[in-house]
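Take the sequences, apply the hints, and build the full model.
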Amino acid sequence: MNKFELSIKRWFLIFLIIFLVIPILTTRVVVDIYERFNSPYKDYELESLDVWMTNHVLNEIDDWGNLGWQESISEETNKIGITLKLVNEDNQVLFSNINNKNQYELDTDISKEDVPISNIVEEYPVYTQGKLKGVAYMQDNRIDNFNPMPSQWMYYLINEWGGAFVWLSIFIAILIISIKFIKKKMLYPLREFQKATDSISHQNFNFSVPYTPIKELNELSDAILIMQRTLKQSLDRQTQMEKERKIFISSIIHDLRTPLFSIRGYLEGIKKGIANTPDKLNKYIDISYDKANILNQLIDDLYTFTKVNYIDTNPKFNDIDLTLFLDNIVKGFYPLSSEKEITLKTDYKIDENTIVKGDKYLLSRALENIIGNAIRYTPNKGNVFISVDRAVNNYSIKVRDNGIGIPSHEINAIFSPLYRGEKSRNRKTGGNGLGLSIAKQIVEKHKGDIQVWSNKNQGTVFEITLPFINE
Numbered sequence: 001m002n003k004f005e006l007s008i009k010r011w012f013l014i015f016l017i018i019f020l021v022i023p024i025l026t027t028r029v030v031v032d033i034y035e036r037f038n039s040p041y042k043d044y045e046l047e048s049l050d051v052w053m054t055n056h057v058l059n060e061i062d063d064w065g066n067l068g069w070q071e072s073i074s075e076e077t078n079k080i081g082i083t084l085k086l087v088n089e090d091n092q093v094l095f096s097n098i099n100n101k102n103q104y105e106l107d108t109d110i111s112k113e114d115v116p117i118s119n120i121v122e123e124y125p126v127y128t129q130g131k132l133k134g135v136a137y138m139q140d141n142r143i144d145n146f147n148p149m150p151s152q153w154m155y156y157l158i159n160e161w162g163g164a165f166v167w168l169s170i171f172i173a174i175l176i177i178s179i180k181f182i183k184k185k186m187l188y189p190l191r192e193f194q195k196a197t198d199s200i201s202h203q204n205f206n207f208s209v210p211y212t213p214i215k216e217l218n219e220l221s222d223a224i225l226i227m228q229r230t231l232k233q234s235l236d237r238q239t240q241m242e243k244e245r246k247i248f249i250s251s252i253i254h255d256l257r258t259p260l261f262s263i264r265g266y267l268e269g270i271k272k273g274i275a276n277t278p279d280k281l282n283k284y285i286d287i288s289y290d291k292a293n294i295l296n297q298l299i300d301d302l303y304t305f306t307k308v309n310y311i312d313t314n315p316k317f318n319d320i321d322l323t324l325f326l327d328n329i330v331k332g333f334y335p336l337s338s339e340k341e342i343t344l345k346t347d348y349k350i351d352e353n354t355i356v357k358g359d360k361y362l363l364s365r366a367l368e369n370i371i372g373n374a375i376r377y378t379p380n381k382g383n384v385f386i387s388v389d390r391a392v393n394n395y396s397i398k399v400r401d402n403g404i405g406i407p408s409h410e411i412n413a414i415f416s417p418l419y420r421g422e423k424s425r426n427r428k429t430g431g432n433g434l435g436l437s438i439a440k441q442i443v444e445k446h447k448g449d450i451q452v453w454s455n456k457n458q459g460t461v462f463e464i465t466l467p468f469i470n471e
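My numbering applies: residue 1 is where the sequence shown begins, and numbers increase by one.
For the record, the hints were derived by calculation from the structure and aren't laboratory data.
We treat Cβ as the ideally placed atom computed from N, Cα and C, and that holds for glycine.
Check before you lean on any hint, since a few could be wrong.
Below 30 Å or equal to it, Euclidean Cα-Cα: the simulated DSS-like pairs (lysine-lysine) are [as the list claims (entries may be wrong)]:
1) K232 / K195
2) K340 / K398
3) K398 / K360
4) K184 / K195
Just the calculated beta-carbon pair ranges, DEER-fashion [claimed, not checked]:
5) Y303 / I411: 26 to 34 Å
6) F4 / Q451: 41 to 49 Å
7) I22 / V135: 49 to 57 Å
8) T277 / G332: 29 to 37 Å
9) I226 / S338: 55 to 63 Å
10) D347 / I274: 46 to 54 Å
The structure is reproduced here in structure tokens:
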């Protein structure tokens, strides 16, 4: 399930719309609701008097000057709640019970729009055969019987100022919510990011970073987590490399010191005359020569190891005739295999002129190390079989022996620098723990792969795969 997140730009647009639209809409809704339920006139609707005026006043224009009719109409208007002013065609007032204030407004001809709602005067002209007979002025005072002053005051307040109060209240509420959102979702994560960077600067990687609905901050959070993981792996690797470096130096010093001490011991024996017979002297010389060869092999392996890891990062690729190349390497092991009466067999399932690209020196070192190990750890009168086959995208070189094998718990460690299995600790094998590590790194620099299968006391198979083209 993906977590909800938006960019800062979209969040800005959302807040802008909220600040502009919601206060206005909310204010409009509140005012409409108040007007609907709290208007001072919402339950006070007046019946039209036009019909009454027609039947009781306008149709009785001939009686407007009659005192009896005037007394009767005065009583009727008082009951209804209206007042009248009746004027003849000569603009003479025949009857009027409108109070002085409204009479003044009537006389000064103030428009209806300028007169308060309780003082509006309606004008009813009367014509007979197209000639003006008189004018009746009617003032509807019925609403004066209803006193809406308190509600009218609240109505006025809401209409005039209430909208501003509502808008301001909603705006402040949205502002408070927005500030809390920014504080929780933006400022707080930024403080956590600062703490995370401080922890990284002190090489403390036990921290977590928060999730926010802001896309850019989540991208920063992911970047910090990647940096955390990468730096932690780098420091762990550096710590492990430092540990391995110390072990490497210690082992190299030991491996160099051992043959040197032996050579020096035998030379001192010769110098002091301990080797006082020709046979003894030859023995001392032969042992010193063997130790010198071991020392030379170790130095040679150290040079190759350093060359592969630190000096030449890229092999020097050239065309190599694979069949001829392997034949020369195998022939170089004939003396050692004859000494142990080991049978070396080859089976090349490729063309004689098969060409691969590679660094001839480095590939020879890799194959010599693997074939040399196979002969070294195979008992006398054993067999070592070297085969080459062509797969879909690569060449497969296999070295198989029927030697002592490799315990299963050591399979994953044999390619580590200076690692020696239990059997190889025997100095008679001449192993120094660098050969397989060098072979693996050389093959990988040729974009190939090396694998091993082994059963203890049954034999081991090393397979090197090389691609057709290395660039």
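Satisfaction of hint between K398 and K340, Cα-Cα up to 30 Å: Cα-Cα ~21 Å, so holds.
Hint consistency between K232 and K195 [alpha-carbon to alpha-carbon, up to 30 Å]: holds (17 Å)
Pair hint outcome, K184 versus K195 [Cα-Cα no greater than 30 Å]: Given pair K184, K195 holds - Cα atoms ~16 Å apart, limit 30 Å.
41 to 49 Å as the expected CB spacing between Q451 and F4, which holds or is violated: Because 48 Å falls inside the window, the suggested range holds.
Range agreement (Cβ of I274 with Cβ of D347, hint 46 to 54 Å): With Cβ atoms ~52 Å apart, the hint holds.
Whether the CB-CB distance between I226 and S338 falls inside 55 to 63 Å: holds (58 Å)
K398 paired with K360 [C-alpha distance capped at 30 Å]: holds (18 Å)
Satisfaction of the hinted span 26 to 34 Å by the C-beta atoms belonging to Y303 and I411: Since Y303 and I411 have Cβ atoms about 28 Å apart, the given range 26 to 34 Å holds.
Outcome of range test on Cβ distance (I22, V135; 49 to 57 Å): The hinted range 49 to 57 Å holds for I22 and V135, with Cβ atoms some 55 Å apart.
CB-CB spacing for G332 and T277 relative to the 29 to 37 Å hint: About 36 Å separates the Cβ atoms of T277 and G332, which means 29 to 37 Å holds.
Comparing the model with each numbered hint stated earlier shows that all of them hold.
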